[in-house]
Amino acid sequence: MSRAAVITGIGVVAPTGTGVDEHWRNSLAGISGIRPIDEFDVSALPVAVAGQVAGFDQTGWVEHRLIVQTDRWTWLALAAARLALDDAGLDPRKAPPLGLSVVTASGSGGNLFGQREIQALWSTGPRAVSAYQSIGWFYAASSGQISILHQLKGQCGVLVADGAGGIDAAWQARRILARGGDAVLVGGTEAPLSPYALACQSSQRTLSAGGDAATAYRPFAADATGGVPGEGGAMLVVEPRHRAYARGARVYAELAGAAATHDAYDPEEPAPDCRHLTRAIRQALDRARCGPDDVDVVFADGAGDRQLDRLEAAALGEVFGAGAVPVTVPKTMTGRLCSGAAPLDLGWAALALHHGVIPPSVNVAADPGYGLDLVVEPRPARLRRALVVARGSGGFNSAAVLAAASPEADR
Amino acid sequence: MRRAVITGVGVVAPGGGSREEFWQRIVDGRPAIRRISRFDPEPFRSQIAAECDFDPAASGLTPREVRRTDRFVQLALVAADEAVADAELGGVDRDRLGVSLGTAVGSTIRLEDEYVVASDHGRNWVVDHRHALPFLYQSLVPSSGAAELATRFGAHGPAAVVSTGCTSGIDAIGHAYSLVQDDEADVVLAGASDAPISPITVACFDAIRATSPRNAEPTAASRPFDNDRQGFVLGEGAAFLVVEELGHARARGARIYCEVTGYAARANGYHMTGLRPDGFELGEAIADVLHQARLDPSDVGYISAHGSGTRQNDRHETAAYKRALGEAARKVPISSIKSVVGHSLGAIGSIEMAACALVLQRGLIPPTANLHTADPECDLDYTPLVAREAVVQHALSVGSGFGGFQSAMLFGKPAEES
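One line per chain: the protein sequences are Y and E, in this order.
Numbering of the first sequence is given in the working numbering, commencing with residue 1 and proceeding in unit increments.
Numbering of the second sequence is given in the working numbering, commencing with residue 1 and proceeding in unit increments.
These aren't lab readings, by the way, just hints derived from the structure by calculation.
Bear in mind that the values here come from a model prediction, so they are computed numbers and not experimental data.
Where a beta carbon is used, it is the ideal one built from N, C-alpha and C, also for glycine.
Mixed in with the good hints there might be a few duds.
[Unchecked claim] Derived DEER-like restraints, expressed as beta-carbon distance ranges:
1) E:Ala85 to Y:Asp294: 41 to 47 Å
2) Y:Gln307 to E:His131: 25 to 31 Å
3) Y:Asp57 to E:Val386: 57 to 63 Å
4) Y:Arg127 to E:Gln24: 38 to 44 Å
5) E:Gly247 to Y:Ala322: 22 to 28 Å
6) Y:Ser406 to E:Val66: 50 to 56 Å
7) E:Glu377 to Y:Arg93: 38 to 44 Å
8) E:Glu217 to Y:His242: 55 to 61 Å
9) Y:Gly248 to E:Ser298: 41 to 47 Å
10) E:Asp183 to Y:Asp223: 42 to 48 Å
11) Y:Ala324 to E:Gln312: 55 to 61 Å
[Unchecked claim] Which bits of chain Y does chain E cover? Going by a derived footprint, with three or more residues having C-beta under 8 Å, they are:
12) 138–146
13) 389–401
Make the full structure from the sequences, and use the hints.
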């Protein structure tokens, strides 16, 4: 039996759009979803812009009973989950439930929900706290609600590794399939644009000081000033290859390899060198049984911070050679979505392999000193494999290799 | 597949700041539950908890670590210190050393404390971060705890937080187990920590009447399987286990507590907090771990129960044991150490796995404290009140949590070297 895992469904709820078609169209058109935060007064915060899911109406995606029990982060996850299942043509009610799983990466939980209830407790008293606080805020709420709604009763999970967690979750999905699972819904969303969540992010050194949506987040630029936050993410349907082809599913790409390392240097400072980021990339290539020459595009982490950008460019240079592989950071259109970022990047990479086009990085021209071939316009190309790089605050490094769909047996 | 063994154990639990103090506490069956001292509990329905007497600085953490981290991370670092020392991990390849940290609610104390300051006691909705500590991002995203552990121990392998609510502690060790099985790491520091004794957490369980209001008798309040039980008692704590590839452990001559012989997780797909009375999915998880270990139900010599002391949980898991083990369910000794150390949410699963490792090593089963008259629907052997000597070859532990998640793990006595 083949152990290969393939992506058969992509559900996107992101600043670039809701649903895979709108998202991909806007991505190729370079339409950014980063805009001024206007829900409340942000003048005291160091950040004035964020990637936002415009016009998302939860009532179209989540039944009323659940809306009051859950945070916006879970609404986005429930919508992305439904879109992914529909996109995969997979009806979980027609499959044995113990073979189905959900794994999410979760960074900050139900921010708005939690703030509202702590506010109620301290301004009014214990009796003002919602009966749903215990299930609305915690990090497992989205996985739990998705599992219950879609009857996914196999091994479920929640992994947290800041911005790198989405790749770890995807690789966990592959572990579940290798142990006999039939299908895994995997990904992550975030909704960290509520007042307290933004205040928490304000302590980050790597947050952009820029107030202009078009220039605030420019990874690999000579004058990069940091990242901007964003909300949303993606859920993917991952299945064993033989099952996907047997049911006639459309296969976007194969999840061929992934790996995670940790800098273990200093929770407050970037590592002095790119040794462990490089190691994560090389391990992911090894697990995908390919070399650097087999990779045709890199979806970079693109922190937008000079120090972190330099380390990532150095790692890519070490593995691939200077300028030897096209590099793109489409999250320049969404901001940095914490746990939602890597699932969205995996979705972008799968779509790029499927359509043969590299989505662009916007608002940015790379500092030539980095030696990167940064893709700033949609670039048609024959793509065999894509590398996705993701890092998390505190020293997390993860990398994944997606391979173009191939009904052949294991290469 | 590669095999994994436990070569180090560290615990910080209520009533016991070290592995040995913890062990003594649970075999004595002396509940470490008292009126909440961290804040004035008077306005709350449940005013009791299992608290740790814990001083992070005296436990060896640096001032910077203490300033940067929430109590849950501090508990984790100290428990992991003990496990690493116990395993004598000195010379291992740090590139092959991973971290798997379970937590249900992460930095909830610090998030709430800092919110109270930044919002001026809930007067302002748009809060000013300049009034709060400069490490709020680390509190917002709990993976900061895994980063602290990786940094303290120089672990350059895979690191992550596992946050599946109240099964996090079993699932974190399960995650470590799969990293070793799949050759992604040789050694993983695996465990869990939670420090949920904060006003918001107490209030949120008050709101659903999940915690015991037996405020007048704190030490009698956690009474799993007892007919007079009124809910669980919130606790805090941490435990870490060193999960190591069998050949790696043998090659360096490590002392082996036990082998990890099975891990399984299922979801009930039913309700975020409710449990179906038939225990079907938990029973499936138990059957799966027995299958992985190629064991018959009668081979299980001890079950560390989830035993939270809520009416529905104790009946649910009793049904699951009968479903998965059949007649053998009536013979196997079961106990819930939550009767002594409370329910520390995500942490307790790892604390209970630490207990299982010690049961296998020491041939003594800790009792269920406060179990005087069992619920007639809980009709198995829950080892009431007094510890029991027994040579246990295989110990099963289960967890059940919000989201409908059900997990099971098996530890076996170490195999003789062949």
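Verification of the supplied hints:
1. E:Ala85 to Y:Asp294: 41 to 47 Å: 44 Å, holds
2. Y:Gln307 to E:His131: 25 to 31 Å: At roughly 28 Å between Cβ atoms, E:His131 and Y:Gln307 fall inside 25 to 31 Å, so the hint holds.
3. Y:Asp57 to E:Val386: 57 to 63 Å: 60 Å, holds
4. Y:Arg127 to E:Gln24: 38 to 44 Å: The hinted range 38 to 44 Å holds for Y:Arg127 and E:Gln24, with Cβ atoms some 40 Å apart.
5. E:Gly247 to Y:Ala322: 22 to 28 Å: Given a distance of about 41 Å, which is not inside 22 to 28 Å, the answer is violated.
6. Y:Ser406 to E:Val66: 50 to 56 Å: For E:Val66 against Y:Ser406, whose Cβ atoms are near 53 Å apart, the range 50 to 56 Å holds.
7. E:Glu377 to Y:Arg93: 38 to 44 Å: The hinted range 38 to 44 Å is violated for E:Glu377 and Y:Arg93, with Cβ atoms some 32 Å apart.
8. E:Glu217 to Y:His242: 55 to 61 Å: 59 Å, holds
9. Y:Gly248 to E:Ser298: 41 to 47 Å: Holds, at about 46 Å.
10. E:Asp183 to Y:Asp223: 42 to 48 Å: Between E:Asp183 and Y:Asp223, where Cβ atoms are some 44 Å apart, the hint holds.
11. Y:Ala324 to E:Gln312: 55 to 61 Å: Since Y:Ala324 and E:Gln312 have Cβ atoms about 60 Å apart, the given range 55 to 61 Å holds.
12. 138–146: holds (count 7)
13. 389–401: Held - the segment 389–401 of chain Y has 5 residues with a Cβ nearer than 8 Å to chain E, which meets the minimum of three.
The structure fails to meet hints 5, 7 from the earlier list, while all remaining hints are met.
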